Amino acid sequence: MTTVTSTADADLVALAIQSDQRAWNELVQRYTRLVWHVVLGFHQLDVATQADVHQTTWLRLAEQLDRIKNPDRLGTWLATTARRECIRLLAQHDRETPLAEIDRPPNDDPLDRHLLDSERDADLWVAFQKLDERGQALIRLLLADPPFSYDDIAELLDMKRGSIGPTRQRCLDALRAELNRTTKDLS
Amino acid sequence: MTDDDEQMMSDLLRVLDTVDATTLPDVSAAQAAFAWRDMDAELAQLVFDSEHDVPADVVVRGEDEAARQLTFTTGDVTIDIEIGPDGLMGQIIPPHPASIELHQSGRESVHLETDRFGVFSVSTVAAGPTTIVARALDESWSIRTAWTAT
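Here the protein sequences come in this chain order: Z and B. Whatever position you read off the first sequence (first residue = 1), add 87 for the numbering used here. Residue 47 in the numbering used here sits at position 51 of the second sequence, and the numbers go up by one each step.
Note that these hints are calculated values from the structure, not bench results. From a predicted model like this one, the values you see are computed outputs, not experimental measurements. Idealized CB from N, CA, C, for every residue including glycine. Do not rely on the hints blindly, as some may be mistaken.
[Claimed, not checked] So the derived label-pair ranges between C-beta atoms look like this:
1) Ser117/B / Arg257/Z: 47 to 57 Å
2) Ala264/Z / Glu97/B: 52 to 62 Å
3) Asp153/Z / Thr(-2)/B: 41 to 51 Å
4) Ile104/Z / Ile89/B: 23 to 33 Å
5) Asp219/Z / Leu9/B: 15 to 25 Å
6) Leu9/B / Arg171/Z: 18 to 28 Å
7) Tyr237/Z / Arg112/B: 54 to 64 Å
8) Gly102/B / Arg263/Z: 40 to 50 Å
9) Glu104/B / Pro233/Z: 33 to 43 Å
[Stated by the list, open to error] A few chain Z residues facing chain B, derived, Cβ under 7 Å:
10) Gln108
11) Trp111
12) Val115
13) Arg117
14) Trp123
15) Leu132
16) Val134
17) Ala138
18) His141
19) Gln142
20) Thr143
21) Trp145
22) Gln179
23) Leu211
24) Leu259
Isolated chain Z (complex conformation) (with noise of 0.2 Å):
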């Protein structure tokens, strides 16, 4: 039996055009968490909505394969229509529900809390859910796994490549300034 782990995307693409399962699978297994975290980055949508997106983004691959003009950017192509089907649905969510609901807390739920190994990460995590959308965005495409180039993010994320850097120093900062300030409040 042969392996595919290390094949191509553009590869893989190829295969999976002639019908091979293995292939698409292979793809699965590359980028879904690739895929999850730019719909994560839309925190306001429900978690089921946001597995929608998830699921909608293979079928639009799966039916659209033999037209993918680049297939060694499969990434950017996943991230680029995950990000587009959440932008339509938080536009039907923005015209159905109250603002007052969308203004919901940061999640500082305990079990999650319970999950992270030390106190630090803990307040970590609730920190970083207190950054606002973009910067949410900015970090989840900066630790994405394939990495994104700079030119992808700011396709994405509709920002100038310049003002990546000082969004990134913007978003650290206020992460450190939130620690410091929870440890003072322990202290």
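Given chain Z's structure and the hints, the job is docking chain B onto it.
Only chain B this time, still in chain Z's reference frame:
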């Protein structure tokens, strides 16, 4: 980035990985999505979505406030769809009688026929990834709409 920044990013990666793992969707549904490739119908692309293509503040508030309008086309055949509180209504353009299949990922499909003007409706549509396959009753064409989350 300073060493501190690098450290913070790697801490964030660890935290997000741990938290995200609890909600990460099951890959089997995404792997099963591949089976939908075999639909024997020409793909109609989404070319208009009222939620996306019209700024929210210019939408006329009225009876159909919650209705979302979508247009899919192959170039030759177009399907207009409206999804609102009363369900889903569709129209084939140019008008043509067709059989309709409404597929939702992970749910039973719904089969129906349009009237002679190509109009059809479904009273309830669940939220989720959706595609519609329309086949002309005279077999002159078969089309399917690009998967869209409703």
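Hints, verified against the model:
1. At about 50 Å, the beta-carbon gap between Ser117/B and Arg257/Z stays in the expected band of 47 to 57 Å.
2. Under the hint 52 to 62 Å, the C-beta atoms of Ala264/Z and Glu97/B, about 55 Å apart, fit the expected range.
3. Taken as a hint, the range 41 to 51 Å holds for the pair Asp153/Z and Thr(-2)/B, whose Cβ atoms sit roughly 46 Å apart.
4. Between Ile104/Z and Ile89/B, the C-beta spacing of about 31 Å keeps the proposed range 23 to 33 Å intact.
5. Between Asp219/Z and Leu9/B the CB atoms are about 20 Å apart, so this pair conforms to the stated range of 15 to 25 Å.
6. In this structure, Leu9/B and Arg171/Z meet the distance hint of 18 to 28 Å, their C-beta atoms being roughly 26 Å apart.
7. A hinted range of 54 to 64 Å for the beta carbons of Tyr237/Z and Arg112/B is consistent with their spacing of about 56 Å.
8. In this structure the hint that Gly102/B and Arg263/Z lie 40 to 50 Å apart at CB holds, the actual value being about 43 Å.
9. One distance hint, 33 to 43 Å for the beta-carbon pair Glu104/B and Pro233/Z, holds here, with the actual separation near 37 Å.
10. The beta carbon of Gln108/Z is positioned within 7 Å of a beta carbon in chain B (closest approach about 6 Å), and the interface hint is therefore held.
11. Taking 7 Å as the C-beta contact cut-off toward chain B, the hint placing Trp111/Z at the interface holds, the least distance being around 4 Å.
12. At its closest, the beta carbon of Val115/Z sits 5 Å from a beta carbon of chain B; the interface hint therefore holds under the 7 Å criterion.
13. At about 10 Å, the closest approach between the beta carbon of Arg117/Z and any beta carbon in chain B exceeds 7 Å, and the interface hint on this residue is violated.
14. A cut of 7 Å between beta carbons decides the hint on Trp123/Z: the least distance to chain B is about 6 Å, and the hint holds.
15. A hinted interface residue such as Leu132/Z counts as satisfied when its beta carbon comes closer than 7 Å to some beta carbon of chain B; here the least separation is about 10 Å, so the hint is violated.
16. Interface hint status for Val134/Z: upheld, as the beta-carbon distance to the closest one in chain B is roughly 6 Å, under 7 Å.
17. About 5 Å separates the beta-carbon of Ala138/Z from the nearest beta-carbon of chain B, less than 7 Å, and the hint is met.
18. Against a cut-off of 7 Å between C-beta atoms, the interface hint on His141/Z holds, since the closest Cβ of chain B lies about 5 Å away.
19. Taken as an interface hint, Gln142/Z checks out: its beta carbon lies about 5 Å from the nearest beta carbon of chain B, inside 7 Å.
20. A hinted interface residue such as Thr143/Z counts as satisfied when its beta carbon comes closer than 7 Å to some beta carbon of chain B; here the least separation is about 4 Å, so the hint holds.
21. Interface restraint check: Trp145/Z against chain B, minimum CB-CB distance 4 Å, threshold 7 Å, status holds.
22. Taking 7 Å as the C-beta cut-off, the interface hint given for Gln179/Z holds, the closest approach to chain B being about 5 Å.
23. About 5 Å separates the beta-carbon of Leu211/Z from the nearest beta-carbon of chain B, less than 7 Å, and the hint is met.
24. About 5 Å separates the beta-carbon of Leu259/Z from the nearest beta-carbon of chain B, less than 7 Å, and the hint is met.
Comparing the model with each numbered hint stated earlier shows that hints 13 and 15 do not hold.
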